[in-house]
Amino acid sequence: MPAEAPIQPPRIAILTDPLKEKIRALFPRYPSKRAATLPALHMVHAHLRCVPLQAMSEIAEILEITPAEVHDTMSFYGFFPQAPLGDVRVWMCRSISCMLRGGDELLEHACDRLGIESGQTTADGKLTVEFAECLGICDFAPAALADDGRVFGPLDGPKVDAMLDELKRGRRDDPPRV
Amino acid sequence: MPTFEPVLSRNWNIADSHTLKVYESRGGYQAARKALTTMAPDAVVNLVKDSELRGRGGAGFPCGLKWTFLPKDRKETLMCINADESEPATFNNRFLMEKDPHQLIEGILIACFATKATTAYLYVRFEYIHAYKILEEAIAEARAAGHLGKNIYGSGYNLDLWVHRGAGAYICGEETGLIESLEGKRGWPRIKPPFPAIEGAFRKPTVVNNVETLCCVPHIIERGATWFKSIGTPKSYGPKLYTVSGHVEKQVCVELPLGVTCRELIDVHAGGVWKGRKAKAAVPGGISMGLLSADELDTPLDFESLRKPGCLGLGTAAVTVIDDHTPIIDYLLNTSRFFAHESCGQCTPCREGTGWMEKTIHRIKAGGGRIEDLDVMLHLANNLGIMPGTTICGLADGAAWPIKNAVTKFRGELEDYIRSHQSPAAQVTPLQISIAQGRPVELSPNGGLPILNGPPPARALHAPDGRGV
Ligand SMILES: Cc1cc2nc3c(=O)[nH]c(=O)nc-3n(C[C@H](O)[C@H](O)[C@H](O)COP(=O)(O)O)c2cc1C
Ligand code: SF4
Ligand code: FES
Chain G
1 MPAEAPIQPP RIAILTDPLK EKIRALFPRY PSKRAATLPA LHMVHAHLRC VPLQAMSEIA
61 EILEITPAEV HDTMSFYGFF PQAPLGDVRV WMCRSISCML RGGDELLEHA CDRLGIESGQ
121 TTADGKLTVE FAECLGICDF APAALADDGR VFGPLDGPKV DAMLDELKRG RRDDPPRV
Chain C
1 MPTFEPVLSR NWNIADSHTL KVYESRGGYQ AARKALTTMA PDAVVNLVKD SELRGRGGAG
61 FPCGLKWTFL PKDRKETLMC INADESEPAT FNNRFLMEKD PHQLIEGILI ACFATKATTA
121 YLYVRFEYIH AYKILEEAIA EARAAGHLGK NIYGSGYNLD LWVHRGAGAY ICGEETGLIE
181 SLEGKRGWPR IKPPFPAIEG AFRKPTVVNN VETLCCVPHI IERGATWFKS IGTPKSYGPK
241 LYTVSGHVEK QVCVELPLGV TCRELIDVHA GGVWKGRKAK AAVPGGISMG LLSADELDTP
301 LDFESLRKPG CLGLGTAAVT VIDDHTPIID YLLNTSRFFA HESCGQCTPC REGTGWMEKT
361 IHRIKAGGGR IEDLDVMLHL ANNLGIMPGT TICGLADGAA WPIKNAVTKF RGELEDYIRS
421 HQSPAAQVTP LQISIAQGRP VELSPNGGLP ILNGPPPARA LHAPDGRGV
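Those protein sequences? They're chains G and C, same order as listed. Here the first sequence stands for residues 1 to 178, numbered as in UniProt numbering. Here the second sequence stands for residues 1 to 469, numbered as in UniProt numbering.
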């Protein structure tokens, strides 16, 4: 009896047609389609809060490059996770101006309080804490930035606690609709 | 001396300074109108050349001169505006974009007209989420009002301006790293030449300019080169935004003539060193520029003077103050950690050297330091980016200056630290300072070359004599 062909799970497209259109609408801006990689990744990330493998290959198809090329670019940057992180992502700065005012200790404090390591997500899936190199908000040092654009600082222990409590309540911006 | 009148920040305190309405009511876009309707592109280039405006992005290259490097017979020019601003302690571009985006758009418009660019990309780091929203709104406003788009002011000149967002990499601020990133690739700097002016983004002649540089341009058109050169020191001209952060009472961004001193910035504009303490040192221009000791704080912050106290240059004029309660080893650990993390990894001296540096300093901090480590570090720093042709971009050079300055200027303190912190634990099991990930190696006390310490894992590269590669 011939071996049964392995059953392929049906390939369900991740990117919706309007989203694909939005990516294609970027093409006139650049002399090459590949240049739309970063903006396309940002668009997909804004919708899915991550860029899974399947999305990468769909982006590749639209941009007429290989999935490896999309992955190569994407993985170079610290920004795009392949699986969703917490509902809110917060970056705590550890560069010079923040470090001098206690940035390293505050990052540790935040992680201790949440019971995670830097880069991890809380068990309830609400919050991801990451370290950042200078966020460009050193006038708020020691500072933190949430991915909905909220800026926190100058921080100290109690203010970090308050920040975490507030962030656990969720994002402040509206998710994009397409 | 006549009192200094801020120009770059003149609108910041006005309500809704980010809107077109306010900008136009303050005389905005008149300079662009004047340039596009009454001047030839070459005349604009010459005016900017005459003003001797030097790039504010770090390297200080004369702006007008850079524009003349574009090939005469070019068919198309691209403009990239560098708003990546990732140099630690630097945040002046953020103020310029959030508080007065139209000043930047006007500068871009004039610069593009001068260089005959019809497409411009504004590369903004993703962390500037607020600035990004403001810029998108301002660009839409400018487009609707005819300051961008087709046949601007009836001059027949067209310009498209697009925002392109980064994704968290310091190296994308380096001009060719930025170009690669714009093209949709990882931000790996390119070997120069060819310089971007000859072959840049999408292989077309490309101008890369910093946000603050371009914000100066409308004022030069409006007030002339002589006015611009009347500000600053005899060799460094114009207004400059300084950011002051770290151990000061008020962390601020202020506009002053080029050539003010760190001391003036700290004492007059930042409310002094915090908690009534004294400054031990200050970083004069973003961490890649090195370090000034307390007795060098009167050095003018301009393009020439910082070489004397052994700094790399003016950089972004971002001052970070370090108080006398802070061990200098903490500063060293922070800077080396930054560069090791941000090295893009293409060049061996940079990739391995920055990692090695970080681990050595980590070991010293943990109590496993030896006096010889300081010489090994100096040796490394002196070879990291300075040896001509060994690295592609300036990051390695920038990584070396903090080490060179701190080890030279604070050697006594570092030696004391090493002696007084030697911990038996760190001595018995020396911290691993693996140069290739996962390979345990230790610094040799004599030659500074790594010696394998324990069996190398499978596939690790090592020379036949047992020394690390
Ligand atoms: C590692 C590295 C990072 C840099 N980061 C920035 C940056 O964030 N912003 C910037 O304007 N220039 C940065 N530069 C300098 C740019 O390469 C380039 O010189 C500058 O953008 C040119 O603009 P300007 O001539 O107007 O100063 C960086 C350079 C290096 C080597
Ligand atoms: S010097 Fe460093 S950052 Fe620059 S290209 Fe080489 S490895 Fe990359
Ligand atoms: S050093 Fe932390 S935001 Fe700049």
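Source of the hints: derived by calculation from the structure; they are not laboratory data. Hints should not be assumed to be uniformly reliable.
As the list claims (entries may be wrong) - Each computed DSS-like pair below joins lysine-lysine, with the alpha-carbon atoms no more than 27 Å apart:
(1) G/Lys-33 x C/Lys-192
(2) G/Lys-22 x C/Lys-185
(3) C/Lys-21 x C/Lys-34
(4) C/Lys-99 x C/Lys-229
Review point. G/Lys-22 and C/Lys-185: Cα distance at most 27 Å?
Key: Satisfied, since the Cα-Cα distance of roughly 20 Å is no more than 27 Å.
Practice item. Would you mind confirming whether the straight-line C-alpha gap from C/Lys-21 to C/Lys-34 stays at or under 27 Å? Key: 19 Å, holds
Review point. Between G/Lys-33 and C/Lys-192, does the CA-CA distance stay at or below 27 Å?
Key: 25 Å, holds
Check your understanding: CA of C/Lys-99 to CA of C/Lys-229, is that 27 Å or under?
Key -> 26 Å, holds
Every hint from the earlier list agrees with this structure, and none is contradicted.
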